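Taking the numbering used here, I'd label the letters of the sequence shown as residues 1 to 103.
Worth double-checking, as some hints may not be accurate.
[Said to hold, decoys possible] Keeping only pairs whose Cα atoms sit at most 20 Å apart, straight-line, the calculated SDA-like set for lysine to any residue is:
hint : residue 1 : residue 2
1    : Lys94     : Asp43
2    : Lys94     : Phe83
3    : Lys94     : Glu51
4    : Lys94     : Ala27
5    : Lys94     : Leu59
6    : Lys94     : Glu73
7    : Lys94     : Gln54
8    : Lys94     : Ala30
9    : Lys94     : Asp47
10   : Lys94     : Pro55
11   : Lys94     : Glu35
12   : Lys94     : Tyr39
13   : Lys94     : Asp10
14   : Lys94     : Pro56
15   : Lys94     : Thr44
16   : Lys94     : Trp48
Calculated from the structure, these hints are not laboratory results. These figures come from a predicted structure and were not determined experimentally.
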Amino acid sequence: MNVQVGQALDVTLNNWDAMSGSEGDEAEEAANAFEASFYIFIDTLSDWVLELEQPPQTLEEFLELPMIQSIVERLPAPLYLNFETEAELIIENKTRIEEDKYD
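Given only the sequences and the hints, what does the whole structure look like? Please build it.
Below is the structure:
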């Protein structure tokens with residue numbers, strides 16, 4: 001796995017775990033940390049995809065990449081839909097503006 005993508009994924013998954021186990025006042029802080037790390041991960045992944053000699057043209061091609069398969073295996077099920085949505089934007093070479101990100 002690409003080092004930068006792997007590190008960003010690790011941070012995201014650690015923040016997911018922290019968010020899942022948090023309560024009360026710390027829950028909002030954990031949710032914000034997770035959201036920020038998720039989009040850093042997506043941006044890092046997007047940079048990696050754009051550097052490929054032949055970037056995938058379809059979601060199916062994207063999901064067949066060995067590194068993407070490794071990522072999907074590590075993602076908690078509730079994150080998969082968000083990941084897939086972001087993958088479609090990566091393939092279309094579109095970036096989500098800040099206000100359009102998930103709240």
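Here is how each hint holds up against the structure:
1. Lys94 <-> Asp43: holds, 11 Å
2. Lys94 <-> Phe83: holds, 14 Å
3. Lys94 <-> Glu51: holds, 15 Å
4. Lys94 <-> Ala27: violated, 31 Å
5. Lys94 <-> Leu59: Cα-Cα ~14 Å, so holds.
6. Lys94 <-> Glu73: Given that 20 Å is the threshold and the Cα spacing comes to 25 Å, the pair is violated.
7. Lys94 <-> Gln54: Distance of about 17 Å is within 20 Å: holds.
8. Lys94 <-> Ala30: Roughly 27 Å between the alpha carbons, so the hint for Lys94 and Ala30 is violated.
9. Lys94 <-> Asp47: holds, 12 Å
10. Lys94 <-> Pro55: With Cα atoms ~14 Å apart, Lys94 and Pro55 stay inside 20 Å; holds.
11. Lys94 <-> Glu35: Within the cut-off at roughly 19 Å; holds.
12. Lys94 <-> Tyr39: At roughly 14 Å apart (the allowed maximum being 20 Å), Tyr39 and Lys94 satisfy the hint.
13. Lys94 <-> Asp10: violated, 24 Å
14. Lys94 <-> Pro56: holds, 14 Å
15. Lys94 <-> Thr44: Holds. Lys94 to Thr44 sits at ~14 Å (cutoff 20 Å).
16. Lys94 <-> Trp48: With a Cα-Cα distance of about 14 Å, the restraint between Lys94 and Trp48 holds, given a limit of 20 Å.
Figure legend: structure checked against the earlier numbered hints; hints not met, in rising order: 4, 6, 8 and 13.
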